[in-house]
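K.L.:
Sequence:
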Amino acid sequence: MEAPVFAASLQLVSVNAMMTTMVSAIAAGVMLIVFAQRFNLPAIVLLLAGGVALGPMGLGLVQPDSLGEGLRVIVLLGIGLILFEGGLTLDIEGYKSASVIIKRLLSVGVIVTWTITGVAVYSIMGFSLSKSFLAASLVIVTGPTVIAPLIKRIQLIPRLHNILHWEGVLIDPIGVFVAILCFEWIMASDAVALANFLARFIVGLVIGGAGGWLIYQAERLRIVPENLVNIFAVAAAILIFGLSEAIVSEAGLLSVAVAGLVFGVLEPWQLKQIRQFKAEIIDLVLGTLFILLASRLSFDQFEAFGMRGVICVAIVIFVVRPISVWICAIGTDFDWREKVFLSWVAPRGIVAASMASIFALVLEHNTRVDDPRFIETFTYSVIIATIVLQGFSAGALAKVLGLRLSKPRGWLVVGAHAFGREIAAFIENTAKVPVMLVDTNLRAIRDARAAGLHAVVWDANDLSLQHLEEFQGIGNVLAVTDNEHLNQLICQRWKEALGRNRVYAWSRSRPAAESEQSAEGRVIWNRLPKPSFVSEKLLSGVAELLSERSEEAPSETATRPLLSVAGDRVVVDPRDDHLSNYEGEHISLYLTFES
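At position 195 of the sequence shown (counting the first as 1) the number is 196 in our numbering, and the numbers step up by one without a gap.
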């Protein structure tokens with residue numbers, strides 16, 4: 002009787018350890034990502050520290066070994082979803098419209114980085130070519146989760162900001178494809194296995210391509226109800242992965258990457274919605290996986306890395322990246338300061354770390370590969386070194402080289418109707434600061450451009466526009482659409498990037514006294530009718546916008562000043578006590594109606 006009871010007790014302990022491990026990994030992963038985004042920190046730093054702290058070397062809450070073979074299944078499925086999302090987000094149009102140096106960094110730069118790093122690892126460490134180039138493929142990518150908070154914090158000039166942002170966004174899926182091909186190569190390291198490599202490659206392409214096309218057809222024909230589109234895409238990606246694995250082992254990763262790429266290139270009408278949902282799922286998956294995988298790291302494997310490993314890392318940072326940048330900049334107008342900065346800043350991120358860990362996990366079962374954890378140790382060492390060295394020094398380097406922006410004073414005006422156009426023109430002409438109009442109405446944008454204003458068709462809730470070069474000087478947002486809720490939502494979106502005191506929204510739903518207390522930003526012009534009504538009156542000549550160099554209204558029918566400008570400082574919806582805070586002459590804009 003004692004043996005069954007003892008076995009049951011062991012089983013219960015095992016289940017409890019598994020439960021504690023998964024609960025801790027999921028909760029800690031998501032919480033740390035939330036914390037990182039809230040305080041504009043690189044998530045990978047917190048996740049790496051959190052994984053080690055919660056793992057066997059720390060508090061012991063996360064015990065990856067308790068999951069047994071389940072860990073490999075969880076990680077493979079998670080990486081499969083990451084690769085599917087990577088294929089979805091490969092922005093072909095963004096690549097086509099990118100500058101020459103970005104295209105070169107994504108093509109020539111990838112080849113240079115991969116080749117020199119692979120040769121260095123092969124020569125210094127003495128590993129096989131396949132293993133050396135697999136390790137090299139994992140340090141191709143510069144992680145957007147690390148780059149984004151870095152360039153936001155140091156306020157780079159627009160051109161460098163644009164290059165680093167788009168390199169980080171577009172190179173992730175490219176690097177993943179290269180890494181997968183290298184992984185397939187290492188799994189086919191003898192003549193007998195060559196057929197298996199070809200089989201994996203063909204199955205991955207065929208199943209992935211067909212699967213992506215079928216998902217697209219299901220979405221295009223609206224077979225799937227709209228409210229189930231997101232989870233259908235996730236389930237389909239998992240099915241494609243599982244089907245490929247059932248046909249040929251280790252073919253699943255390539256198949257889901259291809260499926261995501263095909264589905265994204267075909268551009269179903271729900272693609273934006275699916276991308277947003279997948280991005281949220283990927284945050285959950287990445288956070289969980291990184292806690293699980295980081296908890297496996299030990300000081301012993303880094304001690305065993307040795308001086309030869311350190312030399313490999315140094316070559317990646319101090320030799321490979323500069324060579325890549327200077328080759329890619331040949332024939333461009335980039336000066337030496339910009340080349341030096343780009344040569345120094347290339348921190349690696351979460352995707353590289355996750356791929357390295359899963360490859361190491363799989364290769365541990367491959368007797369033909371010696372020291373499989375080197376790939377993981379090498380990748381994490383490059384990540385840690387680039388984040389620590391470049392993260393702490395990039396701001397100072399940009400300042401020394403004169404590549405930092407002064408505090409942005411430009412304006413984004415949402416609503417290109419006649420009223421919005423007049424406001425934009427007043428700010429631009431009086432304060433002499435850049436102004437950009439955005440609207441989803443193409444006709445309104447054309448009218449704005451005809452009036453000589455900078456205008457673009459865009460949804461102001463899509464914050465990806467803030468990474469475009471022409472938006473880099475934007476420091477304030479003024480939402481003047483007819484939809485009060487939309488104005489508040491726009492302010493809510495932009496306040497994280499600019500601060501609550503730099504976002505303004507027209508609304509009649511709140512009294513003026515509450516405008517300063519709005520959680521979304523400042524509520525302005527609450528006594529004005531809808532902007533479309535004001536626009537109509539302006540176009541018909543019933544109303545007029547007048548600028549005066551006085552704080553007194555030009556007529557009895559004029560409103561209080563809508564805007565006042567002192568130098569390059571714009572005060573929106575000023576009160577008398579506000580104007581007294583600014584020295585110098587004020588130019589105010591009034592709206593007046595015919596009596």
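It should be emphasised that the hints constitute simulated quantities derived from the structure, not laboratory data. Hints should not be assumed to be uniformly reliable.
Stated by the list, open to error - With a Cα cut of at most 27 angstroms, we get these calculated DSSO-like pairs of lysine-lysine:
#1 Lys496 with Lys538
#2 Lys496 with Lys408
#3 Lys153 with Lys531
#4 Lys400 with Lys496
#5 Lys531 with Lys408
#6 Lys496 with Lys531
#7 Lys400 with Lys531
#8 Lys496 with Lys340
#9 Lys273 with Lys340
#10 Lys531 with Lys340
#11 Lys273 with Lys496
#12 Lys104 with Lys433
#13 Lys340 with Lys408
#14 Lys433 with Lys496
#15 Lys273 with Lys433
#16 Lys153 with Lys104
#17 Lys408 with Lys433
#18 Lys153 with Lys408
K.L.:
Each hint needs a verdict: does it hold in this structure or not?
P.N.:
We went through each hint and held it up to the structure:
| no. | hint | in the structure |
| --- | --- | --- |
| 1 | Lys496 with Lys538 | violated, 32 angstroms |
| 2 | Lys496 with Lys408 | holds, 16 angstroms |
| 3 | Lys153 with Lys531 | violated, 35 angstroms |
| 4 | Lys400 with Lys496 | holds, 26 angstroms |
| 5 | Lys531 with Lys408 | violated, 32 angstroms |
| 6 | Lys496 with Lys531 | holds, 23 angstroms |
| 7 | Lys400 with Lys531 | violated, 45 angstroms |
| 8 | Lys496 with Lys340 | violated, 33 angstroms |
| 9 | Lys273 with Lys340 | violated, 35 angstroms |
| 10 | Lys531 with Lys340 | violated, 50 angstroms |
| 11 | Lys273 with Lys496 | holds, 23 angstroms |
| 12 | Lys104 with Lys433 | violated, 34 angstroms |
| 13 | Lys340 with Lys408 | holds, 23 angstroms |
| 14 | Lys433 with Lys496 | holds, 24 angstroms |
| 15 | Lys273 with Lys433 | violated, 36 angstroms |
| 16 | Lys153 with Lys104 | holds, 22 angstroms |
| 17 | Lys408 with Lys433 | holds, 15 angstroms |
| 18 | Lys153 with Lys408 | holds, 12 angstroms |
Of the numbered hints given earlier, the model fails hints 1, 3, 5, 7, 8, 9, 10, 12 and 15; all others are met.
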